[in-house]
Structures are given as structure tokens and as C-alpha cells.
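Participant: Model the placement of chain B with the ligand on the given structure of chain A, informed by the hints.
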Amino acid sequence: MENILFNIAYGCYTASTALFLAYLITKKEKYSRVALIILGVALAIHVGSLITRTVVARTNYMHQAVALRAEGKTEAAIGAERAAHSYVPWSNWFESFSFFGAIIGAIYFFISLNLPIPILGVFIMPISWGLLTVAFFSDKAIRPLMPALHSYWMAIHVPIMFTSYSILGVAFAVGIAYLIEEYQLKSKHPSELSYRLPSLDELDNLIYKLIMAAFPPLTLGIFLGGVWAYSAWGRFWGWDPKETWALITWFIYVVYLHLRLFVGWRGRKTAYLSLIGFCFVLFTYVGVNYLSPLHGFLSGTGR
Amino acid sequence: MSSIFRSIKFNVILFLIIASLAALGTFIPQVTDSADKVNALLGHHPLWGRILNGWGIFDIYHTFLFAALLGLMAFDVVVCKLWNKPPDPGLVPLAENQSDEEDATLQALRKKPFRLEGLMDSSVSELSERLSSTLKTHNFSIKKIVLPAGGVAFVASRHRLQRWGSYVSHIALVVILLGAVMKSLMGFETFLPILEGRSANVSQAIYETLSEPARDPSLPNWVQTFDRWAAWPHHLKNALMRRSLDPIQHWELFVDKLTVDFYQHSTTPSTFASKVRLYNFDHSVADTTIRVNQPLDVNHVRFYQASWGVTGMIRGAVLQINGKDVPMGMKQTFPIPGEPWTGRLEHYLPDFTIGQDGQPTTASLEWKHPAIVIGFYNKKKTQIGTLVLGAPSPASAPGEEPWGLFFFAGGHLPVRPPFRVRSVEPVLFSGVQVTYDPGFPVIVTGVLSMLLGLAALFYLHQRRVIIFLRPVPNKAETRVDVGGWSSRGAKEFDREFKKIFDQWELADIR
Ligand code: HEM
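Chains as they are written, first to last, in this note's numbering: chain A, 9 to 311; chain B, 985 to 1494.
Because the hints were derived from the structure by calculation, they are not lab data. Since the model is a prediction, treat every value here as computed from it, not as a measurement. Every residue gets a Cβ at the ideal spot worked out from N, C-alpha and C, and that includes glycine. Heads up, some of the hints might be wrong.
To be verified - If you anchor each label on the Cβ, the simulated ranges turn out as follows:
{"id": "1", "chain 1": "B", "residue 1": "W1039", "chain 2": "A", "residue 2": "G80", "range": "52 to 58 angstroms"}
{"id": "2", "chain 1": "A", "residue 1": "N213", "chain 2": "B", "residue 2": "E1110", "range": "39 to 45 angstroms"}
{"id": "3", "chain 1": "A", "residue 1": "G272", "chain 2": "B", "residue 2": "V1063", "range": "19 to 25 angstroms"}
{"id": "4", "chain 1": "A", "residue 1": "G272", "chain 2": "B", "residue 2": "N1037", "range": "42 to 48 angstroms"}
{"id": "5", "chain 1": "A", "residue 1": "N213", "chain 2": "B", "residue 2": "A1189", "range": "25 to 31 angstroms"}
{"id": "6", "chain 1": "A", "residue 1": "D147", "chain 2": "B", "residue 2": "Q1233", "range": "19 to 25 angstroms"}
With the rest of the complex left out, here is chain A (with noise of 0.2 angstroms):
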């Protein structure tokens, strides 16, 4: 069912990516109107499928967890109810990739809300597809969580690192717009995309604001994960490759923010330097890894 669900959600969000494809090419409103209603359908399905698959999850832990019990297995039957207690829908690489690219998708909807931009649709939904389109290609089954997964915090820290990662995500996409309409400029054959986008001062502003965003997140987000290290191996720091890349993709933005607001960087430079940093963000959330004996919770070599 809550497969199912995912298909369905799958299918919309790749008809609207095709439909601001088609926007793109045609030039039509209409089609990128339509792309984020449907894109908003893809969004409520997305989020019925994440209920139904933690309903599924946890009810199954709870009936081991009872059966244990009834067999006199004491510890094991608390493991399966502190798995129901904590099962998450982005607990391995199916789940988190689906979740990454519908965060994504949900914050070009509302930032539509509000702003209406359709052109952005054309560069950020094709990211939010590719996330999503790994996801559909991944295996679906619920694995059993492994007890180092067993944790509220699993229920803090990642949603709060998904939220920045995909605010930065969003600012990629822009910083690429940024780039490609600059080259049009430049090259002083603007194409009809450039006069659709907004002006390049407004991009940069933009992607400035979405950095400023995800930044405090992206703090917090780091530091939760060191307050779960610190409760469940007994240590907030330990230089794990997952921790140090994590580290160290808060190191590039720190440096965006120094050199936008006090060397007074603009434009192409701090654009380059919102597509570096997504490209840290995604060594980070997928590289690291296949570097990392403790974070390989998705690779399945996890600990």
C-alpha cells in the first residue's frame, strides 16, 4: 500500500517536472500552473504514503513485540517496541531519498506560494526528481532498524538536516539560473528564458536569503547529531567521516556568508559558490558513506 502510494506520488512528480520541461519549450503559463497543482497533489499523496509506511512499520514491531513477549524474551521484545517507538520513514536509503526529494519539492511549492516564479520550477523540480527517481529505483522493502536507530533524536535530527540540505538544494538550482541567464547577458544574445527569469540582482538576492535559511538549520542540525552521538556512543565529537564532511560543508557556507556580507562578494563568485557548497552537501549525505564505519546506515554497512 504505502508502495503503492509512493508510485502514485512518484508518477506526479515526474509529470510535473515534464510539464515545466514543457513550460520551458513553450513558453506556455498554463503548463507550469498546472505542474504545481499536480506537484502539490504528488506532495499530500507523498505524505499519506510516509503515514502509511510508519503506521505499517510500527504496527509490525509492536506484534513482534507482543509475540516476543508472549515467548518469554524479555530484552527482545523491548528492542521491537523501542523500534516501534522510533521507526521513522527515513531510516534507510530508499526512505531518505524519497523524503530529501520531496522536501525539496515542498519548499519550491510554498516558496511558489508566495513568489510566484514558475521559471525556478524548471531548475529545481529536475533536482528534486533525480532524488526522487533514486528512490523509486532503490528497494522499498522496510528493513529492520538497527538498534543504534532506536532514538527520538532519529525523529530530530534528520528532518532538521533534510530541511537545510534542501533549502540549499533550492538555492543550487537557483545559483544555476543565476549563471545561465549572466552567460546570456554576457553574451548579449539574451534567449526569451532570460527575460523570464527575474533580474540577476534578485537571483543573487534570493539565494543569499535561501543561504541565510538553511545556515541556522544547518548548525543546529549538525550540533542535535552531536547530542545523539554523545547519548548513544558517549562521545559529541569523534571526527567520523560523516561528521567531519558535515563539518566541513558548514565550514563552506561560513565562508559564503563572510565573503557576501564583509568582502562584499556578488554575483558570479558567490553563485559558484552556492553550487560548491550543494556539491559538499551531497559528498556529505551520500559519499561519506561508503568512508564511514558508524554513519553507514544506508549503504548497509552501518554499525
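Facilitator: Here is chain B with the ligand on its own, set in the frame of chain A:
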């Protein structure tokens, strides 16, 4: 000199250097988490390995260089923040009763992006009352100044907190590093693998790391003096660590039982937990169960269930011999029905493999291919053969057949033995991580202040409005001059500014 440290460029470069070193440590194996890989590397490349090791490449995060760079960062932040006052909105503050200051301020007002000037048909006192109440409803804090030449000036500001945001978030960084220093000087972290039924002294392993720096009396005196001086951080650390350790030097942790359970049809454990007792000398301090994510905390010393493992020992096994279940212990001999041989339970192998010598052995201390080894003996008690039998894995379901592979060494056993392994009860060890981190609350304070500072810096837009109300000589009119400024969020401020002065119908100055 201080201008270098204060330059953002310098700090950006410093940042990038720290980040690169940190990144390097994630690609090169570090002794802290992959000691075996480091040792293998050192074995393969004796020369380069030694040189790199000398540079601390295999323990980057604990090198002097790394600490020094972080220290430099903290130093920079302090220098920078001491030198640079928080940015001021740029309006000359009004000093009371100084008329030339007043003129300067009026000049400055005319340059501000938000401006109003004009005449109103009301008295100064009437207007100032009205103004006060409007500004208050807009949450401005107000300073009212009586002008020496007649009239009043208002300095109204909102979100003044913002200018402290930068201070707070930078100083917070220093606080966080301080927390890290406290941990490395006073805190500890140690891993105790404890067999079920055994115990371990909590502080002993840490005491052993507190060595004195070596002294060499053959060196010239001045070198020795220098060495003594250079060793003071070491002595400081030792002294502080002793303070942390002495109260717990007689703590003994007992692991009575480790429970591991697996999800159905899965090799993922659903839980592992240890029943533990903590004693100080002979009196009990704690008696509880620790689980992953559920540590035991005694006076801020915390005991974590970090890992578990098999040991190659078993308490006992049940063999099925000719259809009959026979419980037995390790090294116990049993008759083989209808044969002149006897068998003996020799070893337990958690991860069976055949070693280089052709003998059965274990590839790891992980529960991958558990097997037991049975030796066969003739009447003279000489071993004539060895049999390896697959044993049930803890993750296999009840009733499930263990893998059937068996393996002979010695080779001339005439019979196919009529038994299999019903169950084994292995002795496990519990990996308990013991930590004490007095820096943790400091780090938490630091990060929370940083977040508050960031919130103030990013989400509050400091704004200031200065209003001059001056009587027009010989008329019942008041001359109004207003200037406003906002650190960011110009649109928002525009709206606010318009709202405040919405009702003011200013006539042009004639
Ligand atoms: C939490 C992340 C950080 C934020 C939000 C932040 C923000 C700021 C702001 C707002 C300023 C200019 C305002 C002022 O001068 O008071 C500034 C300046 C500066 N920051 Fe940071 N900063 C952060 C981290 C750091 C770090 C880690 C360093 C360490 C090297 C650093 C070093 C500096 C320096 C050297 C200046 C220049 C001081 C000056 O010349 O005015 N900052 N930063």
C-alpha cells in the same frame, strides 16, 4: 599585525586549510577508528609509513598542528571582535544638549533612505505624545531628548539585539573550542570489552595512558630544563586527569549477562543489552540494564552499550547422538555408540574457515559461520581425527537446521558420525564504552549561544528612526524631520515606516 588576523581573507584561507586537513583524515585511515588498517599500511610501507606516522598523518585530529590551527581560529575571532565594535546603524548618536551635534545629526538624516520632512498644524508636545504612543505600539524603544534650541528629538530603535548577534555567534565559537579543550584535558573515553560473568576496572586503562615524559639524565642540563618546561601541558593534563579519575579508581563494572536478539529472518540485531552492576570497593553503586541509546550515568561518568561480540568460548552445547540429546561442556569426552573411539568437544569457532596450516580456525570474532570442533581419540587417548560441524547461528530461527558442512582432519575415521549440533550457548562479551566529558555542557552552551546569535543576526533587522520635532517661531506649527535606517529587509521596513507615519499629514515647508 592585528590587521592580518582581522582580515577576512586570512580567515577564509585558515578555514580552508582546516577543512582540507579535516577532509584528509577521512580518506587516510586513522588509528582512532581503523588501527588495523594503519598497522597494515605501516607493515607494507615501512619507510613512508614511518615518516607519515611521524607527521601524525594517521591521527590528524590529534596533532599539534590541527589543535594549533583551531586555536589560531579562536584567537582570530577574539582579536577581530575586540577590535571591531558591532556595526552601528550609521546614525550619529545624539548627545544631549549639544547643538552642533544636533546639526550634524540633521545633516545625516537627510541622507537616509527613509525620509520625511514637513510642517504639522499641532504643537510639539501634542505631537510628541502621539509619536511616543505610535512608536510604542510598533515595539520601538525610545530615547527622548530635549533640544537646547527648543523642541525634542526622538531616537527610536528596534531589534538592537541584532548588532550583538555577530559578537555572540563568534564568541560562541571560542566557547565551543573551550569545551573541546576541557574534554581533552579532563575527560576520558575508554572501551571495556567484558566477558559475560566477568568484570573490569573502569579507570585502570586510562591511568595507564598517563605516563610521565621520559627524562634523559645524559642530556645537557639546559636541555633538561627546557624539556621540563616543555612538558608542562603534559603535567597539567596528568594532574587534571588524576582529579577526574581518583574518585572512581575503585570502580569495578560487572557484566552478568549480555542479551542479543535478532529480528525474525534477519541478521540485524533488534537489541543488545547488558545486565551490569557497578561496585565501588564492596558496595554497590548501580545495578541495571544498559542498552544502545540507554546508558547508565553515575556522577556524569556514563556507561554505554557500544558493541558486543563472540569470544570463541561456549558455556555448553547440546549434541544429538543417535537421535538422543546429550548436553555437554567444553573439553568434555563422550562415547561414540558402537565404536571404540571417544569424542571430545574441543573448540567453538564463530566464523569457521581453514587456516594456512590446513587446520580449522576462525576467520573473525563475528558470528558468521559458527561451528564446533570435535576431536576423536582412540583408547590410548591419541587424537586420530577432527570433525567440524556447523552449529546453529543465533540469528537462525528455532528448529532451523544448521549448515551441514563438516570437515575432517586426520582423515582415517571409519564412520560417518551419527550426530549433529542441536544448540550451543556461547559466551559473549559486552563492549562497554565509558566516558566522562565535562566539556559537554560547555559545548552545548556554546552552540546554543551561537544559534541565538545567528537568529538575531539573520532574522532580526535592526532599524532606527530619528525624529526631530521643532517649534516654528511665532506659529502654532511644528517642523518635523524624520530619517530611518534598517540593516536589512528594506521592503519590510518601508511598510513599517509608512504605517508609523500614515496619519501624519505634513505640509510642505514654505
Ligand atoms: C557561526 C558562523 C559565523 C557567522 C554567522 C559569522 C558572521 C560574521 C559577521 C556577521 C561578521 C561581521 C560583523 C562583525 O564584524 O562583527 C563576521 C566577521 C568576521 N568573522 Fe565571522 N561568522 C561566523 C564564523 C566565523 C568563524 C568560525 C571565524 C573564524 C575564523 C570567523 C571570523 C570572522 C572574522 C575574522 C571576521 C572579520 C571581523 C571584521 O573585520 O569585522 N567568523 N562574521
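Participant: Which numbered hints are broken by the structure, listed smallest first?
Facilitator: 5, 6
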